[in-house]
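Protein chains: 2
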Amino acid sequence: MESAICTLVTQFKAYAGKDGSASTLSKDEFHNLVKAQLPNYVKNSSDAEVIDQLMGSLDEDNDGELTFSEFWQLIGKLASKQGGFNQ
Amino acid sequence: MESAICTLVTQFKAYAGKDGSASTLSKDEFHNLVKAQLPNYVKNSSDAEVIDQLMGSLDEDNDGELTFSEFWQLIGKLASKQGGFNQ
Chain A
16 MESAICTLVT QFKAYAGKDG SASTLSKDEF HNLVKAQLPN YVKNSSDAEV
66 IDQLMGSLDE DNDGELTFSE FWQLIGKLAS KQGGFNQ
Chain B
16 MESAICTLVT QFKAYAGKDG SASTLSKDEF HNLVKAQLPN YVKNSSDAEV
66 IDQLMGSLDE DNDGELTFSE FWQLIGKLAS KQGGFNQ
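As you go down the protein sequences, you meet chains A and B in turn.
Numbering-wise (this note's numbering), the first sequence opens with residue 16 and increments by one.
Numbering-wise (this note's numbering), the second sequence opens with residue 16 and increments by one.
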């Protein structure tokens with residue numbers, strides 16, 4: 016499990032570091048991450064409007080950037096769905 | 016990322032399925048999971064008292080069982096610490 020957690024952290028950082036703040040995902044960075052890393056878990060992952068809505072629903076403080084904690088809630092939902100858990 | 020998420024779900028299920036409810040972790044299952052799967056991320060992971068306290072802090076509805084969602088909050092905190100993010 017530790018290596019899986021490490022992978023998620025490392026990948027988040029790789030995308031978050033591309034522009035602006037290195038510890039948060041801008042809209043572009045989020046688009047790129049979802050398209051490349053979550054193509055099966057996020058439906059219509061290449062549809063910009065879908066990703067915009069998804070980002071809006073996650074960005075709790077509405078500052079246009081996703082923190083790791085906000086991003087973690089998304090992958091928690093995807094994981095929960097994947098595992099067939101009720102949430 | 017999808018394979019890392021899948022690993023976390025699969026491992027959770029493997030431990031959760033050992034006794035009682037197959038979709039939640041009992042105290043024993045949680046102990047076993049932390050000891051075997053998170054030995055470096057959780058300090059003193061083999062100390063039963065530490066694990067009891069940790070479980071108490073995660074079990075939001077205090078029913079002695081951890082749901083996947085409760086467990087996800089724990090690994091989110093560990094991941095955040097690992098990544099050096101403020102939380």
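One or more of the hints may lead you astray.
Since the list gives no way to pick one copy over another, a pair counts as held whenever it fits inside one copy or between any two copies.
Unchecked claim - Once the Cα atoms are required to be at most 27 Å apart in a straight line, the calculated DSS-like pairs of lysine-lysine come out as:
{"id": "1", "residue 1": "K33", "residue 2": "K92"}
{"id": "2", "residue 1": "K33", "residue 2": "K96"}
{"id": "3", "residue 1": "K58", "residue 2": "K42"}
{"id": "4", "residue 1": "K58", "residue 2": "K33"}
{"id": "5", "residue 1": "K50", "residue 2": "K33"}
If you are wondering where the hints come from, they were derived from the structure by calculation, not from laboratory data.
With identical chains, the pair K58 and K42 could be close in the same copy or across copies; at 27 Å between alpha carbons, which is it: within, between, both, or neither? So K58 and K42 pass the 27 Å test inside one copy only (17 Å; across, 36 Å).
One pair to classify: K33 and K96, alpha carbons no more than 27 Å apart. Within, between, both, or neither? between (29 Å within a copy, 21 Å between copies)
27 Å Cα threshold - placement of K33 relative to K58: within (24 Å within a copy, 33 Å between copies)
When no copy is specified for K50 and K33, does a C-alpha distance of 27 Å or less occur within a copy, between copies, both, or neither? within (15 Å within a copy, 36 Å between copies)
Alpha-carbon proximity context of K33 and K92, limit 27 Å: Result: close both inside a copy and across copies, 25 Å intra and 24 Å inter.
Violated hints are absent here; each numbered hint is respected by the structure.
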